[in-house]
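Position chain B relative to chain A; hints supplied.
There are 2 protein chains.
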Amino acid sequence: MKVERDLHMSRGDGEDSYASNSRLQEKSILKTRPVLHKAVAAAHASSLSSGGGAMVVADLGCSSGPNTLLVVSEVLGAVADRREDLAMAAGAQPQHVQFFLNDLPGNDFNLVFQSLELFKKLAVKDKGDALPPYYVAGLPGSFYTRLFPDRCVHLFHSSYCLMWRSKVPDELAGGAVVNEGNMYIWETTPPAVVALYRRQFQEDFSLFLRLRHRELVSGGQMVLAFLGRKNKDVLHGEVSYMWGLLAQALQSLVKQGRVEKEKLDSFNLPFYAPSVDEVRDVIRQSQAFDVTHIQLFESNWDPHDDMEDDDGGLVLDGVQSGVNVAKCIRAVIGPLIAHHFGDHVLDGLFELYAKNVAVHLQKVKTKYPVIVVSLKASISRAPKNQANDKYYSGFTHGQFM
Amino acid sequence: MKVERDLHMSRGDGEDSYASNSRLQEKSILKTRPVLHKAVAAAHASSLSSGGGAMVVADLGCSSGPNTLLVVSEVLGAVADRREDLAMAAGAQPQHVQFFLNDLPGNDFNLVFQSLELFKKLAVKDKGDALPPYYVAGLPGSFYTRLFPDRCVHLFHSSYCLMWRSKVPDELAGGAVVNEGNMYIWETTPPAVVALYRRQFQEDFSLFLRLRHRELVSGGQMVLAFLGRKNKDVLHGEVSYMWGLLAQALQSLVKQGRVEKEKLDSFNLPFYAPSVDEVRDVIRQSQAFDVTHIQLFESNWDPHDDMEDDDGGLVLDGVQSGVNVAKCIRAVIGPLIAHHFGDHVLDGLFELYAKNVAVHLQKVKTKYPVIVVSLKASISRAPKNQANDKYYSGFTHGQFM
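Just so you know, the sequences run in chain order A and B. Once you know that position 339 of the first sequence is 339 in full-length UniProt numbering, the rest is easy, because the numbers rise by one and skip nothing. Once you know that position 135 of the second sequence is 135 in full-length UniProt numbering, the rest is easy, because the numbers rise by one and skip nothing.
Just chain A, same shape as in the assembly:
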């Protein structure tokens, strides 16, 4: 498996597409609105104070579908609010906003680009003269590589992406260490495999922070939301159940002779859902960012279940919830499954998975823990040339590690 080539949400806007099955991710964006609006205000202020030039905003892992432009809309709304509060009072010109929508090259950018005209009409209707002039570009590439020249971005945003790793840990991909019957960390995962996954997270997230710090202007902002772990016990993380039940469905197909056991044992997800402490540790070690906000919130597995905890923690219709969760997960992981096991397994696999989820939700109403962290670039400590040399020499060979 090559993550940059094979990992992408289901394309197009049909029934099984990510565009039609991304309500969970939408809820997360709406939940993080206050944090995002604060970061936009800070980024806007820093872009104005740095004397002209547009405010540059990048959404990392933008995907394709309604959420892609929801982020653009939220940022434009926040800038419009700022404009009404500040700039207009002082008679200043509105700040131009330049957006970069980033995702891996397999993302359906054509779908996003074709919706821009309609989006503009709605935005103009909604915000009128307060709408700042804005420009939207698509930027293909992994956020574990450099995406921008030095010091040119004011705000990075990323939602539901940073639990994806740059690769499956080498020893696991090479078969030196095995995680029999699983596709991610679950109850029977050996400690050596857990250690590999955790190290991959630490390396990836640390790299991510260093790269973005180079690309941010002084005082630049980041808002990151991604799946995490509430349970301290890594073998029983909440998100582990999601993949564990999918691995169980694959085990059923193995038993039925429809999938080879070796295929399942060699399938490992490039994924890690960290705890808040693990996230905080990497940020601290990077010495590149100050944490302005960090929180963990929870979201019902079923994207269409809008009940709050004080409604009793019930799943009203387990069967329907199973179907809903399966659709959502298929839109995310379908292409990767199809690449490894073949297209033909998809329908049967996700039927079994929906049933497994339904049974599980009858026992306990599991939730996705989402970590939201807002960061401000700290002032660089490294002598400039030294840092440059390191990054440039790495760049030419396409690596930064």
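Hints were generated in silico from the structure; no laboratory data involved. For every residue, glycine included, the Cβ atom is placed at its ideal position computed from N, Cα and C. Among the hints, erroneous ones may be present.
[Stated by the list, open to error] Below, in silico cross-link-like pairs of lysine-lysine (DSSO-like), each with a Cα-Cα straight-line distance of 30 Å or less:
#	chain 1	residue 1	chain 2	residue 2
1	A	Lys-38	A	Lys-367
2	B	Lys-2	A	Lys-120
3	B	Lys-2	A	Lys-125
[What the hints assert, rightly or not] Below, a sample of chain A positions facing chain B; criterion: calculated Cβ distance under 7 Å:
#	residue
4	Ala-54
5	Ala-80
6	His-96
7	Gln-114
8	Phe-119
9	Ala-137
10	Gly-138
11	Leu-139
12	Pro-140
13	Thr-145
14	Gly-318
15	Gln-320
16	Phe-341
Just chain B, lined up with the frame of chain A:
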């Protein structure tokens, strides 16, 4: 017809696609290499002297296929040459280059993005350490609207695009003036129609220059190559034959009852191939650019005919040349024809067209005149705030006229 929605080259990389039928455009890019390399050197110098920040390069009307990244490759090669000559000697850091590939939203950006990884491998292999760090974004939108914030681009490039108009002239599209049996200016076109087309060119090109001037840094460069007219007589322009013979093929379909006459009469191309003098006049009136180079060169109609004039001006195999020209024109105009007349006319129409071209080429070896112009942004004369007001207020409503 809505140009922004309906005008795009044939997508994908199949037999009829633009990607497989763009040798003519490739030859033009290679022909303009020396002009482009000079402009890159000037843009590179101005980006270095303006004190850090990346060199920003935009290719307007990039399309999808081998030519798209050929421009990126040429620019990177020219920067690498500069680096070896200048920057490395002075021990300076290499300049980062940020590319924006622009085209209308219907362009197949996914195809372009998916070829970036292979392109990078080849570029690294070819240029090694001299390859500057670079980044490639896709920018959907019409170049007759604002595409960038103020003063952030160092070099604009555009090849084989600026003969396309922003729209069919209103009076022609509305039916108040007619151009019976034609789809562009040809022998029987009334003077009123010629005037409308010419005015549309003047308005569009003037708008284009004003918009780009706002987006260019001081001293910024532009290299534009587009189809033009060598013949002073507008009714017998060389490119007019190309569309005239296609209109004849449509007339044949009308006679056969396969296309309604009204359909043909209401089909008008958003196109104008100007003379060098017409181009020069608009540039002079804009007062926004200094012409550093202008030339007209000619290219054989058949993209696979590499013979020069001193080979005798012969077409060796008229039938094959007819087929070659038809494939090339179908890749460009096929989607627009299909939108107006329906998919079902395409095969028959381009068979007839190939025959018409073959007959024509036996009589005279016609060529496409290509105008290449290299421009340098002149210093803005308008008081800054006044200009800002005008552009900003226009922006909010999505217009600049």
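Cross-check of the supplied hints:
The straight-line distance between the Cα atoms of Lys-38(A) and Lys-367(A) is roughly 27 Å, inside the 30 Å bound, and the hint therefore holds. As the CA atoms of Lys-2(B) and Lys-120(A) are separated by approximately 17 Å, the hinted pair is consistent with the 30 Å bound. The straight-line distance between the Cα atoms of Lys-2(B) and Lys-125(A) is roughly 21 Å, inside the 30 Å bound, and the hint therefore holds. Contact between Ala-54(A) and chain B, as hinted, is supported at the beta carbon level, the nearest pair being about 3 Å apart and thus within 7 Å.
Checking Ala-80(A) against chain B: minimum C-beta separation of about 11 Å lies over 7 Å; hint violated. Given hint, His-96(A) at the interface with chain B, holds; its Cβ is 4 Å from that chain's nearest Cβ, closer than 7 Å. A least Cβ separation of about 5 Å between Gln-114(A) and chain B falls short of the 7 Å threshold, and the interface hint therefore holds. Hint on Phe-119(A) is violated. Least Cβ distance to chain B is approximately 11 Å, over the 7 Å limit.
Hint status for Ala-137(A) relative to chain B: holds, with the closest Cβ pair at about 4 Å, below 7 Å. Taking 7 Å as the C-beta cut-off, the interface hint given for Gly-138(A) holds, the closest approach to chain B being about 4 Å. The beta carbon of Leu-139(A) is positioned within 7 Å of a beta carbon in chain B (closest approach about 5 Å), and the interface hint is therefore held. Given the 7 Å rule on beta carbons, the hint for Pro-140(A) holds: about 4 Å separates it from the nearest Cβ of chain B.
Annotation: Thr-145(A) was flagged as interfacial toward chain B, and the flag is violated, the nearest CB pair being 10 Å apart, outside 7 Å. Interface hint at Gly-318(A): violated, since its Cβ lies 39 Å from the closest Cβ of chain B, which is beyond the 7 Å cut-off. The beta carbon of Gln-320(A) is not positioned within 7 Å of any beta carbon in chain B (closest approach about 34 Å), and the interface hint is therefore violated. With 7 Å as the threshold, the beta carbon of Phe-341(A) stays out of range of chain B, its nearest partner Cβ sitting at about 23 Å, so the hint is violated.
This entry does not satisfy hints 5, 8, 13, 14, 15, 16, going by the numbered hints stated previously.
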